[in-house]
Amino acid sequence: MDLDSPVVTKTYVPTVFERYSMALQLDGKPVNLYLWDTAGQEDYDRLRPLSYADAQVVLMCYDVMSPNSFDNILSKWYPEVTHFCPGVPIILVGCKTDLRKDKVLLKKLRQSRQEPITYQKGQTMARSVRAVTYMECSAWLQDNIPSIFHEAAVAALSSRKRRRRQRGAWKGCLVT
Numbered sequence: 000m001d002l003d004s005p006v007v008t009k010t011y012v013p014t015v016f017e018r019y020s021m022a023l024q025l026d027g028k029p030v031n032l033y034l035w036d037t038a039g040q041e042d043y044d045r046l047r048p049l050s051y052a053d054a055q056v057v058l059m060c061y062d063v064m065s066p067n068s069f070d071n072i073l074s075k076w077y078p079e080v081t082h083f084c085p086g087v088p089i090i091l092v093g094c095k096t097d098l099r100k101d102k103v104l105l106k107k108l109r110q111s112r113q114e115p116i117t118y119q120k121g122q123t124m125a126r127s128v129r130a131v132t133y134m135e136c137s138a139w140l141q142d143n144i145p146s147i148f149h150e151a152a153v154a155a156l157s158s159r160k161r162r163r164r165q166r167g168a169w170k171g172c173l174v175t
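Under numbering that gives the first Met the number 0, the letters of the sequence shown match residues 0 to 175, in that order.
A couple of the hints might just be wrong.
Pairs of lysine-lysine residues, derived as DSS-like cross-links and limited to a Cα-Cα distance of at most 27 angstroms, are as follows [said to hold, decoys possible]:
no., residue 1, residue 2
1, 120, 102
2, 120, 107
3, 75, 107
4, 75, 120
5, 120, 100
6, 106, 120
Just so you know, the hints here were simulated from the structure itself, not pulled from any lab data.
This structure is a prediction, so every number in the text was calculated from the model and none was measured.
Using the sequences provided together with the hints, build the complete structure.
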């Protein structure tokens, strides 16, 4: 994955189990992140836990224009992640922030008596799921993407150091 030349489309293409790797610098040292983009569809509920092995940080993402996506953080993703990745740091990420100004989507939400998820609601949810931080981004505008991966690396390595002290060395840095 290259943060300098991302490919973003307007059409939603569901992922199944996409894997990426990316290199970045953290405190002047090279760090490799191995990213697993897992499928959220029910058809993959039994397979998805296989991707959690050795995860050192989890990015739980939702669409700021989808209250259902936001609700799934607490009802689906948090229970699953804490079951399969106990003690692994979580970063909550509100995605598609550029769409908060999309008049067509705003009208659609209003018609169904809903509204976009605010930054404040995201922060509250982050506290509820004991996330190490809450961040927002727009892949379309390339807003805050590098910062999220930087924070993921920091969280993973901090967790790795704590666990290493407790029970021995870990192998790598895996973001799920």
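Each hint, compared with the structure:
1. A threshold of 27 angstroms between alpha carbons decides the hint, and for residue 120 with residue 102 the separation of about 21 angstroms falls inside it, so the pair holds.
2. The hinted pair formed by residue 120 and residue 107 meets the criterion: a straight-line CA distance of about 20 angstroms does not exceed 27 angstroms.
3. A C-alpha spacing of about 25 angstroms is found between residue 75 and residue 107, which places the hinted pair at or below 27 angstroms, so the restraint holds.
4. Between the alpha carbons of residue 75 and residue 120 the distance comes to roughly 18 angstroms, so the proposed pair stays at or under 27 angstroms and holds.
5. At roughly 17 angstroms between alpha-carbon atoms, residue 120 and residue 100 fall within 27 angstroms of each other, so this suggested pair holds.
6. A distance of roughly 20 angstroms separates the Cα atoms of residue 106 and residue 120; the hinted pair therefore holds under the 27 angstroms criterion.
Consistency with the previously given hints is maintained throughout, with no hint failing.
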